[in-house]
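Chemist: One-letter residues, chain by chain:
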Amino acid sequence: MSLPLVLFFIVAFTTGLSALAVVFSRNIVRAAVWLLFTLIGVSLTYFLLGAEFLGASQLIIYVGGTLVLVVFGVMLTAQGPFLQLKTRIAEWVIGGVLAVALFALLVKTSLELGKSAATTPTDPKNVTVGVLGSAFLNIKEASPAAPMTGYPAGQEAPPRTRMGYLLPFEIVSVHLLVVLIGAAYLARAKKRMPSPPAKGATP
Amino acid sequence: MTELTLTHFLILGAFLFTCGVLCIATKRNAIGILMGVELVLNAANVNFVALARFSPTFQLEGQIFALMVIVLAAGEAAVALAIILNFYNNHSTVDVDKAEDLKG
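Note that the protein sequences, when read in sequence, are chains A and B.
Heads up: the first sequence is residues 1 to 203, going by our numbering.
Heads up: the second sequence is residues 1 to 104, going by our numbering.
Just so you know, these hints were derived from the structure itself, not from any lab.
Check each hint, because a few of them may be wrong.
[Said to hold, decoys possible] Keeping only pairs whose Cα atoms sit at most 25 Å apart, straight-line, the calculated DMTMM-like set for lysine to aspartate or glutamate is:
hint: 1; chain 1: A; residue 1: 108; chain 2: B; residue 2: 3
hint: 2; chain 1: A; residue 1: 115; chain 2: B; residue 2: 61
hint: 3; chain 1: A; residue 1: 115; chain 2: B; residue 2: 3
hint: 4; chain 1: B; residue 1: 98; chain 2: B; residue 2: 76
hint: 5; chain 1: A; residue 1: 86; chain 2: B; residue 2: 101
Taking the hints into account, I'd like the entire structure generated from these sequences.
Modeler: Now the structure itself:
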């Protein structure tokens, strides 16, 4: 048992347990808290995989942003602070059987994939924040030795010119802008349905 | 199995995915369903990053795609919560079984 394996088992056990608790907690506020632990566990998994920037992004965006949004949604929609909606037993049984079957299938596929794929871990030093940021700006294989050409000094350009990710980056940013405007429009404060619409108000 | 391999992370991803699907299937609260979607997206992200670590060809691509998934998940959560709030304004409930009149 190597140290990474022990750490992985601790993190994976905590993450899996929190994910199960999200599913099985009746109380939506408690489910949100368990989701917090699951997201933190996933970010620790990223750290174990050598993706530090991604783990930090996960903590900032998911835990700091998305989860706060979800908690505000819970607070704005609950009639009482501890809203409970019961699920019928039959739904639990059907859902549980299907989920176990799905999990078995996925584990079988994972075992086969793990056997067939190359499982030699690559050096995480190859993907630093600088490399990630350069890839978003259409610069790849950049190194401090030759910052202008994009290739290390004394090395030929590879025959296959690899594309960067400037276009997806722009698409994602415009998408985020559109989404936020749309969300603000949808969730804008307005009168409840029973009251008659105000004069000149859009339906 | 004394070393940390790709299989471990794939199984963790599979477990998170199954939990998310079960969450989507069984919750009646619309926000609970949203949490299930977050679990599914995180499971996909774990697989992306694990393959980025263990497969030399996807070293950069896996992490970049995971970053995009994180950003898109934030946008998805914002829109879904806006829709849920709008539904709550009109129906005074977040029970998805009560949303039958959304058939169009």
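Chemist: Take a quick look at whether residue 98 of chain B and residue 76 of chain B sit within 25 Å of each other, Cα to Cα.
Modeler: It holds: about 22 Å lies between the C-alpha atoms, which stays within 25 Å.
Chemist: Is it true that the CA of residue 86 of chain A sits at most 25 Å from the CA of residue 101 of chain B?
Modeler: Within the cut-off at roughly 21 Å; holds.
Chemist: Are residue 115 of chain A and residue 3 of chain B close enough, with their CA atoms no more than 25 Å apart?
Modeler: Holds, because 14 Å separates the two Cα atoms, which is no more than 25 Å.
Chemist: Could you grab the alpha-carbon distance between residue 108 of chain A and residue 3 of chain B and see if it respects the 25 Å cut-off?
Modeler: Distance ~19 Å between residue 108 of chain A and residue 3 of chain B Cα, so the pair holds.
Chemist: For the pair we were handed, residue 115 of chain A and residue 61 of chain B, check the Cα-Cα distance against 25 Å.
Modeler: 22 Å, holds
Checked against the numbered hints above, the structure violates none of them.
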